[in-house]
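Student: These are the residues of each chain, in order.
Number of protein chains: 2
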Amino acid sequence: MLPLLEPETVAPCCPPLTERPFTAEEAERTAKMFKALGDPVRLRLFSAVASHEGAEACVCDISDVGVSQPTVSHHLKKLKEAGLLTSERRGTWVYYRVEPSVLAAMGQLLVGASAAA
Amino acid sequence: MLPLLEPETVAPCCPPLTERPFTAEEAERTAKMFKALGDPVRLRLFSAVASHEGAEACVCDISDVGVSQPTVSHHLKKLKEAGLLTSERRGTWVYYRVEPSVLAAMGQLLVGASAAA
Chain V
1 MLPLLEPETV
11 APCCPPLTER
21 PFTAEEAERT
31 AKMFKALGDP
41 VRLRLFSAVA
51 SHEGAEACVC
61 DISDVGVSQP
71 TVSHHLKKLK
81 EAGLLTSERR
91 GTWVYYRVEP
101 SVLAAMGQLL
111 VGASAAA
Chain X
1 MLPLLEPETV
11 APCCPPLTER
21 PFTAEEAERT
31 AKMFKALGDP
41 VRLRLFSAVA
51 SHEGAEACVC
61 DISDVGVSQP
71 TVSHHLKKLK
81 EAGLLTSERR
91 GTWVYYRVEP
101 SVLAAMGQLL
111 VGASAAA
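Just so you know, the protein sequences line up as chains V and X, in that order. Throughout the first sequence, residue numbering follows the UniProt record's numbering, covering 1 to 117 in sequence. Throughout the second sequence, residue numbering follows the UniProt record's numbering, covering 1 to 117 in sequence.
Check the hints yourself; a few may be wrong.
Pairs involving identical chains hold if they fit within one copy or between any two copies, as the list cannot separate such chains.
Straight-line Cα separation of at most 20 Å, EDC-like style, residue types lysine to aspartate or glutamate; simulated pairs [said to hold, decoys possible]:
1) Lys78 with Glu28
2) Lys35 with Glu81
3) Lys35 with Glu25
4) Lys78 with Asp39
For the record, the hints were derived by calculation from the structure and aren't laboratory data. Only a predicted model underlies this, so the values are computations on that prediction, with no experimental measurement involved.
Please work from the sequences and hints to get the whole structure.
Tutor: Structure (structure tokens):
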């Protein structure tokens, strides 16, 4: 049996980037999320999951990014570790899901409180 | 004489990440911006500029991030190359500026069209 992957929760960590200079700790936490999206293949995969029905997808749904299935799995795990995706095993496949609250929190960092409304 | 640094313009490139899977070209362009913010020191510097008066600052304004002035300059240039900052020389100093439209475009990628309103 493979272990069940637990969904992670991600709390918005920081004020908008324009509000005041980030502290070192805030920057450490937030840079991880941006870094995860800072790779073209990961960004495509993230977009593939985010735009898939229900904002979730398994590796089996994603085949047109031009990388192997193990590479897809590797990148999806990286996105999960960065807090951008949650995952849940259902039968054979692990389904990855974009939490709208995470996108809203990142959007809020960039454009201020109005983006989260 | 040092060359005048020309402000760059940045056009929003792509639909929201949730709308449809990004193409390879869209992902290449956009990943650069996320990658630039994916380093804790650069993110602190970006936040320092973005939250400074008028959303602009020179190296002389930024001294509390714990890295040397040449390192600050290096990272500000990287942010400029990624299209996140523009720059303008005034006398002794180069001033770096956050274009609100760039933040709005990045926010729109994450949370959809409503963020750009």
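Student: Hint by hint, note whether the structure agrees.
Tutor: To see whether the hints hold, each was checked on the structure:
In this assembly of identical chains, lysine 78 and glutamate 28 lie within 20 Å of each other by CA distance both inside one copy and across copies; the values are 16 Å within and 18 Å between. For the homomeric pair lysine 35 and glutamate 81, the shortest alpha-carbon distances inside one copy (11 Å) and between copies (16 Å) are both at most 20 Å. For the identical chains of this complex, lysine 35 and glutamate 25 are neighbours both inside a copy (15 Å) and across copies (18 Å), given an alpha-carbon limit of 20 Å. Taking the shortest Cα distances, lysine 78 and aspartate 39 sit within 20 Å of each other both inside one copy (11 Å) and across copies (16 Å).
Violation of the numbered hints given earlier is absent; every hint is satisfied by the structure.
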